[in-house]
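Student: Those protein sequence lines, which keep their order, are chains A and L. Under the numbering used here, think of the first position of the first sequence as 1, with each following residue one higher. Under the numbering used here, think of the first position of the second sequence as 1, with each following residue one higher.
Misleading hints may appear alongside valid ones.
[To be verified] Once the Cα atoms are required to be at most 20 angstroms apart in a straight line, the calculated SDA-like pairs of lysine to any residue come out as:
(1) K68/A with I353/L
(2) K68/A with A292/L
(3) K68/A with E65/L
[Said to hold, decoys possible] If we take Cβ atoms under 7 angstroms as the criterion, some of the chain A residues that face chain L in the derived model are:
(4) A27
(5) F51
(6) L59
(7) T66
(8) L72
(9) L73
Derived by calculation from the structure, the hints in this document are not laboratory data. For glycine and all other residues, C-beta sits at the position ideal for the given N, C-alpha and C.
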Amino acid sequence: MSKRKTPWHRHIPPKNLAAASKNAAQARRQAAAPPPPPPDLWREWALLFVFWSYVLIPLSWGVASTVKKALLLFK
Amino acid sequence: MIQCPKAYPVDFLNKDRIIAPPAYNRWLIPPAALSVHLCIGQVYAFSVFNEPLTRVLGVSAAAPEDWKLSSVGWIYSLGIVFLGLSAALGGSWLEKVGPRRTMFWAACCFGGGFFLSSVGVATHQIALLYLGYGVLGGCGLGLGYVSPVSTLLKWFPDRRGMATGLAIMGFGGGAMIGAPLGVALMDYFKTAASVGVAQSFMVMGSLYFASMLIGAFAIRLPPPGWKPDGWTPKVEQRRMVTQRHVHIDQALKTPQFYLLWAILCLNVTAGIGILGQASVLIQEMSLGKIGAEAAAGFVGLLSLFNMGGRFFWSTASDYLGRKNTYFVYFALGAFLYSMLPTLAREGHMALFICATLVILSMYGGGFAAIPAYLADVFGTRYVGGIHGRLLTAWSTAGVAGPVLVNYLREYQIGHGVAKADAYTATLYIMATLLALGFACNLSMRELHEKHYMRHDEVDG
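In isolation and in its complexed conformation, chain A is listed as follows (with noise of 0.2 angstroms):
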């Protein structure tokens, strides 16, 4: 007597499948979809420097004045 087998999609029960079609879906259109961008590394540094230069004169013109100041120590 021939054993019968049992058709593919018997094994998985039916949620299963659906999720699992879902993902084969989603699979597929993140493997269609271009590449997410690079990380824009001009602007980040742009930033930074805009940033810091902005804290860092003010605080250089402050410390020039004050060690102009403490000079008078060593006259």
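For this one, chain A is given, so just place chain L on it according to the hints.
Tutor: Chain L alone, transformed into the frame defined by chain A:
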């Protein structure tokens, strides 16, 4: 998930609106913190207005109806008291609403304090200066001081000391900007009929308000569960560094909180012993070898070391450990303080100056490393609120310290002690205070298990 109260209608200030995207560069956060601290650090330079405020009516010389220096001195003292009070009360609010809303209100209070004080000078009502710079400005100081610190600790879990040192260094640097800025503005606005203080207050209030707002809008919180790339908390933690969290109210029930309060208070009191009297101290102890002009240079040098020490010592604490760093402050500080009278008596003024510079660097370092010490002991979740409450130690020391030093000096001179020796007892008392601080630091232990929050209680 970070929850935000719905009761606040201006939603761009809300905590959930400032969560950074995943690849956000964390080095954009320190300038946001610095733009607030560089402004509020102006409080250390308020003394440049003291003398001009005593001749608002007389302009060239003080008129009989002009304010006395003793009345003007209360403006700064009130500012420091309200700094501590607002930090203590606003700290838990900061944890609830996030740093942007707190920094926004800090900008409104600090800028508004200047505007109200300007009206007070123009109408010659000192109560408006007390209310403006003292109360309102003091609230701005407290809220502005604590608001970026806990955010920095969350962004830099691997370099807690360096991160807080950067921000708090800004507070020291703020005085270096505030003093020449105030003098330059008064020079620009002064006329035959005005000392130019009211106009200077108006300009400074506007500048500081704008700069603090920039900081408020640039601040970002890390996404929940964020960690620096490639960093994992060490599995074998040092005993005094926790990865868990303690609630603000629970922290107040631990002896460790009060020990840290005492540590900050004693360190600040000892530092003020030199900082508040630096000019007179060096002139009198050098028996006139150092004149008023050189003494002003000495004060400038102290400010530089005060600022530099904030960054240097707090960064060093990342490697030495917080407890060891405070051991160095207290042991070395007590030794140097007790050496000062001998160095002055024997005429080693260069060594005297070097010793005071090291002491001042550790005074600044004590301020800068304390948030990281708190984060090590109580965790980072509520460190902003806990730090706020700890700052009442600063208010206490800021008011009591100078009173103690002045009283001791006058008592000694009143009992016939020579001016050059009048500081000797004060310096030995400061060394004793630091020895007490050493004992408090020695008593610091790991928290008891019962104080930590469970994982399901930590909401963000």
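Student: Evaluate each hint against the coordinates.
Tutor: Tested hints:
1. Distance restraint check for K68/A and I353/L: the Cα-Cα separation of roughly 17 angstroms lies within the 20 angstroms cut-off, and the hinted pair is therefore satisfied.
2. Proximity of K68/A to A292/L is assessed by CA-CA distance (about 16 angstroms); at most 20 angstroms being required, the pair is judged to hold.
3. Distance restraint check for K68/A and E65/L: the Cα-Cα separation of roughly 37 angstroms exceeds the 20 angstroms cut-off, and the hinted pair is therefore not satisfied.
4. Among the interface hints, the one on A27/A is violated; its C-beta lies about 22 angstroms from the nearest C-beta in chain L, farther than the 7 angstroms criterion.
5. With a cut of 7 angstroms, the hint placing F51/A at the interface with chain L holds, because the nearest CB-to-CB distance is about 4 angstroms.
6. Restraint check, L59/A versus chain L: the minimum CB separation of about 5 angstroms is within 7 angstroms; hint holds.
7. Because the closest C-beta pair between T66/A and chain L is about 5 angstroms apart, less than 7 angstroms, the hint holds.
8. Of the supplied interface hints, the one on L72/A holds, with its beta-carbon coming within about 3 angstroms of a beta-carbon of chain L, less than 7 angstroms.
9. Among the interface hints, the one on L73/A holds; its C-beta lies about 3 angstroms from the nearest C-beta in chain L, closer than the 7 angstroms criterion.
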